[in-house]
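Asker: Listed in order, the protein sequences are those of chains H and E.
The first sequence begins at 1 in the working numbering and counts up by one.
The second sequence begins at 562 in the working numbering and counts up by one.
Hints listed in this document are in silico derivations from the structure and should not be mistaken for laboratory results.
For clarity, every value in this text was computed on a predicted model and none was experimentally measured.
All C-beta atoms, glycine included, are put in the ideal place defined by N, C-alpha and C.
Hints are supplied without guarantee of correctness; some may be wrong.
As the list claims (entries may be wrong) - What follows is a list of derived Cβ distance ranges for each label pair:
(1) Q626(E) <-> V394(H): 30 to 38 angstroms
(2) L322(H) <-> G582(E): 47 to 55 angstroms
(3) Q389(H) <-> K651(E): 39 to 47 angstroms
(4) I305(H) <-> K651(E): 30 to 38 angstroms
(5) R302(H) <-> G607(E): 26 to 34 angstroms
Claimed, not checked - Simulated coverage check for chain E against chain H, where a stretch passes if three residues somewhere in it have a Cβ under 8 angstroms from a Cβ of chain H:
(6) 633 to 646
(7) 694 to 703
(8) 850 to 857
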Amino acid sequence: MQGTRRQAANSPTILQRMFVQLERFSARADVTKAVYSAAVAFFLFIVISPAIAGIVAQFLMLPSLTLTAEVAARMRAAVAWSFVIGLTVSSLDVVAGIPLAWLIVRRSGHAVTVLDSLADIPFVIPTVALGFSILEFWSTPGGISTVFGSGGLVAPGTLLIMLLHFAFSYPVIVRVMVGEFLNYRETYEVAARTLGASAFTAVRTVTLPILRPAVLAAFLLALARSLSETGATIVVAGAFENGTVFIKNVRDAGLTAAVVTASLVLIAASLVVFALIKIISPKLRVAPLRIWPSLERKLSSRPVIISRNALSLLVFFIFILLPCLFIAFPAIEAVASGTVAEAIAGVGPWKTFWSSMLLSYVVALLATLVNIVSGLPVAVLIARNRFGQRATKVVDALVDLPIIVPSLALGVSLSFFWGNMGALPEFWVLVLAHTTITYSYFVRAMAASIQGIAPELEETARTLGARPLRVFRKITLPLTKYSLLSGAILVFTRSVDETGATFAVSKALKTAPVLLVDWIRGTVHVTASERALGVGFLVVTSFLALVVLRLITLRRQTRRH
Amino acid sequence: MDRLSFEIENGEYLCVLGPTGSGKTTLLRLIAGLLNADEGTICFDGKPVNDIGPHARNAVYVPQQYALFPHLTVMENVAFGPLARGKSEKEALEIAMKNLETVRLAWRAQSFPNELSGGMQQRVALARGLASGAGLLLLDEPLGALDARLRLDLRHRLREIVKQSGMTAIHVTHDRDEAMSVADQIMVLKGGRLLDHGVPHRVYSRPTGIFVANLIGGASFLEGIVDATTDAASVVRLRGGLRIKAPPALHMLDEPIILGVRREQVRISDRNPELANVLEGEIREVRFLGDSREYLIRLTNGDIIASRHYSEGPEPRFSAGDKVVVEFEEGDVLVFEYPTQGLRKELEMA
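The following block holds chain E by itself, in its conformation from the complex (with noise of 0.2 angstroms):
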């Protein structure tokens, strides 16, 4: 963890996305009082909680494999926290009783966790968590372990149910998809350092930097050099000569730049051109991706971009060789410093 600041409201859903290693689980850890830090502060509601142990921090923490204890049924998993807080035996049954039926899992009481499947330790693990108490709920990679359709469908569920208690929670994931739908806000880290941090629309629209639009929705990214600016627009010329018109940066004359392009928002004709920036190229190959196709053009000046293409019919419009032009909008260009260390190693995952 690098110099990491940031805050939470109360209520709210944040999504902490990052690659393997990126540290978001030693994040949830620190917050949980099950690590502790060599130097900074961790308040909740403005005071500082370092000095206090993880049974006392009111944050409870959700492993990505659930830890439902395996000797105790799901009634007792559920009713472990309010009685670890010091509630009867009476309150503490009728608060897991109270969330198992949130999770719909009522009629499963008496079971224990091995009877059930992934998705309902799920569900139990999460309404063990909601019946502790805490005010912070630290979700592990809560769908991680399940298999892709379920993990579709339970995470709206996930935001609901959390949502009606009233908790503040916190969910790691690497889905990016999943990080989109569920999150208030979100936050993009690498390598223990936060890079963004914000609504989800605008991290995906004005990502902070290269990784985070690579991470979040991908781009084709091309090297060019300031060519002209103006208050209203900026000219970038690429490799080979070409030109394109981005969006006005505070940049230099002459300084080398990144422009990423979102795959979704280059289109491809083969007549009548009509947006800001036009480029001639040939298709190199053509990707199905089920709901969508992927076309990788190259440019004249052997630059890659890639093109997303919804609702097409079952044969692609194009095919590997034919002559194509490519447009996008100015407004769709997103203009990036030149990383110190060269496009490539900024692009990696770790």
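So here's chain H without its partners, still in its complex pose (with noise of 0.2 angstroms):
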């Protein structure tokens, strides 16, 4: 081993003569743009155009597209309340979000850093599993129902759809106003401090009012996330349809004139209602300057603080870490009953279950692969304004796009375009379609990260005498490379979760939470035993697969310092 290694040391071995090729063709401008355009063009021609050319050619091409009164009329409703439960449901996790995000920068201790944790717990649950896990919680006897001796607290509908996304938003919110409320320069409050306002006052006139880009960002990641989700939606809807839910019921019964017509529908208003955002809100000017000294004094009060802190703390626990833990119970019940032989030795219907485990973790680590390769050059060009100001601004918006359109939506369209070509295998569309609908996580890390490093520092490499290449290697990626891991994490597990565009393009295959969506409503027929226990089984392995890339990046970070 040894002798091998000192050998390594003496001669270059062949991995290091191949980068010292590969910098010196690195530093060749054609060779520059090559992969650059090959990036671009993967992005603009498999990764976004198919997400609308296929939809829009089917609308297109489709010889009647007339729907029946009483479907069109479903539909119009369906889409309408899609937006009023998004919108409804991001503001109050605004409201419910911020205070607990503000407790968790401003306050330190053991108490807050596990609050810290906590508040990640619905990021680590795949939906799928978080909605059976309110529902459970919500609307069956042995759930919160047990308290108040009642059948069913609340039952399937619009209320429990809320209560969904309400849940699986609010880390989204926390998560973005901690990183804020951390970056955020004290002294504009410290100003306003010794000018005579009260804390609260600091807050409401000087902070929020400063950090308005982010909230409003957070709200925006919240309403996409609530008008995209599926699975879960369809799990806890009863009969009730929103957007997502009115496109599966009529791709299910057939109705393809719906289909087309509603996801176009869905596509072309969440463009709308997020542009109408975007543009108008920073134009709007906040109200003048008003201050009330004494209300505003006793709002800073300890009593007024301790019990804004409860609140928020009562509001998490009730509404987000009980129902997200919920899924516990039937699970262990599940593992008591002896169904887990049964599972190991892949019995009955846990035959396909595990070859849908297994086809989701293999999509997942293949378009999380196809990622990174394909969305590094493009985070690059976004950081750096390589295209020029306009078409940076084009690119930046677009890649955007999936994060914006409902996932179904998407792979309504993506199901037609690769349906119509014909040659794809399903397994390729599906993992083309996850790539679609992870892109934007990706490289959004990744430019933002690229675009925090000084281009001083590669510039002086350079100026050193560093290759294009090197310099990526040298100084880029070790500096981006927490964002890099995190990017791809983030990619990893979307896919994972990732119902909509799954439904949409699977015929024959079906990924992990697409296959439990069918076991929790009935449409296969299972025990509730192994319901649970199917549940359980994704929330372990996904856990466990963040936690090993968890531990990934840890080891990388400290070996760094």
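Could you use the hints to bring the two separately framed chains together as a complex?
Answerer: Quick look at the structure:
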């Protein structure tokens, strides 16, 4: 072992020689151009265009798209409900999430560290599992109703969808706001305080208005998730329909015209709403400065702060944490009943279950790899404004498209597009669909991170004689390693989580969450304990995958210090 | 902060001078109530304010980067203080307008801070402080973010405006010229300790220690031993047997001490020396400083002494290698105790 290592130190290994060759290559303008062009072409023609072109072509090609009056009315109501639920839930999330984020940032101690980690739990649990957990918690006799002694507190339907969406959007808001509060220059608040403002006044008139863009960004993220979520929503919807549930239902019923129309409407409506919010809100001038000193001083007093913190914690525990963790009870019951042995043996429904699990993780892994390879150059281009001001803005907006547009609608388009292409096997359509759906996450994370590096560092390295690839490997990559890994983790978990697009493109193949939706809805016959255990397995495996990825990230980080 | 105790009169303009890390900003934040003192008391008008929060302290903190609220107009920024202290909107806007006029920025009242130049932002920050109705203005490097030329123009204007307002001001800086020219009183800090506190001229001419002498004005420091001491004068023996007459000080015979000589008080002559102390040496280096020239002279015993000359012609009077005589008054020699950790350690900035 030592012998080979010494040898390696003396003469360059094949890998090292290869890198030297590649670096030499990277200094050639035509090579750089080719790499960037390939990445952009992949993004434009494989990732984005099919997501729109498929459905537009279908819309133009279908001989008649007339819906019956009844279906059209259902569609209008469903799409409208999507936005009503999304806007309501996201607003509530902002109101409930900001105080908790504040508490996490401004207090210290073990309890706060624990709280910080607990706030991430809904991230860790796949949304379908969350849907099942929330259904069990709010709507079954074994859930919260045991406290009240009734048969189920909240029946499946609008309210339950809201509770679900509130729970999975909440950590998004908390995460974004914690990050923002940490980066925020406290001097503004300090200045306001010494000018005579009470703590409440300072936060209301100075801190929050300055952080308005961040609050808005968090709100839009929450809104997008709410509009897009499909699998878990179907689980808790009962007979109620929002946009995505409607599309799923009419697709199952074979009403292609309704699928196409509703998807188009949903895509167009989302684009319009997001564009409106993005364009109008920065132009809205906050109302003129008003301060109510005595009232706001009272609001800054200890008793008020304590009750506010207590209330935020209460909301967090009752509406987020308990419903999320409730999955543990039925799963443990199932373990106790001996279903585990059958599951491990792969008997009955478990055979398809395990192949679905495998499919989920293989697809997620491939989508992540494709994302990293094809996304890195695009992230660099965006971060360094290489396209020029205007083109960068366009690419920037296009990158966000897969987040903004509901994934089920994108999936519908993708399935038409690749279906018409014909030759592509279903498995690869699935990988491409997942790549499209998750594309924004990786590129966004990397672009932001690269933007954070002073260009002078790269420029200096260049003048010290490093070729572009070497600069990237030795300067840019080490400084953005953490973002690269966290971006990759985000893509991976989103892919495992994804149901909307998967519903739309899958025919024979079913990923784990899609299969579980069938199990929970009872379209496939399974027992209650099999159902609970299946969901439990998905939670545990995705949790383990996250832990493994986190450990790798952590080890890399400690090694650097 | 270590056993630091001082008082400031109402209406006084105090400059706190010290190197980076000396605790200047910490001191301001303690007074503003943004930090809590582990021990000790802070009193305003004789009443302790330790338990009063920053919003009720009546001391307004103006940070180095001004912290103008980016989402509010200049007018709203300045009106923020009066509004927060419960003034009606009409009254607050009047106060704001008055103070914007004082800093001659009324015409930019509707602008946003990022539309103003650095100097204008500084003036808005000042107006906001003045308008707040607080009695004490805490200025943290108020001119530090401006370029050198503007800094010179603004510092006297700053003092004038503060004085007109009748507010008490504590102005933190690391620029000794700035401190000298605007302060009623100067305080020198190092490592959280108060080294000197007094009127600028006293701090300059009779600094309490080597560090203060070096920070304010700079000097050549020579190590020596007390050779003779009377009520009228002392004689100090340097290395190589050179002798220097110094003012009388309470030092024992044979005690090691440090002498300081300001460079502007050292003369170079080629003939007929007339001052009390006369030493021979050789020019080592000539530095051109714009309004003056500085000569470094190596004395016959190897010690280096600096001399500064104003209003010379285009060519220096002496050049490296010239044999010269340096002279200075007995009364201009500063006498210091020998520092326990040695001269070099004492002069370190942190």
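Asker: Next step is simple, just say for each hint if it's right about the structure.
Answerer: Hint check results:
The hint said 30 to 38 angstroms for the Cβ distance between Q626(E) and V394(H), and at roughly 35 angstroms that hint holds. In this structure the hint that L322(H) and G582(E) lie 47 to 55 angstroms apart at CB holds, the actual value being about 50 angstroms. About 45 angstroms separates the C-beta atoms of Q389(H) and K651(E), a value consistent with the hinted range of 39 to 47 angstroms. Between I305(H) and K651(E) the C-beta distance comes to about 32 angstroms, which sits within the given range of 30 to 38 angstroms.
Checking the proposed 26 to 34 angstroms range against R302(H) and G607(E) shows it holds: the Cβ atoms sit about 28 angstroms from each other. Coverage of the stretch 633 to 646 of chain E by chain H holds in this model, with 8 residues showing a Cβ closer than 8 angstroms to a Cβ of that chain against a need of three. Three residues within the 8 angstroms Cβ limit are the bar, and the stretch 694 to 703 of chain E against chain H gives 3, so the coverage statement holds. A count of 0 residues in the stretch 850 to 857 of chain E with a Cβ less than 8 angstroms from any Cβ of chain H is obtained; the coverage claim is therefore unmet, three being the minimum.
The earlier numbered hint that this structure contradicts is number 8, and it is the only one.
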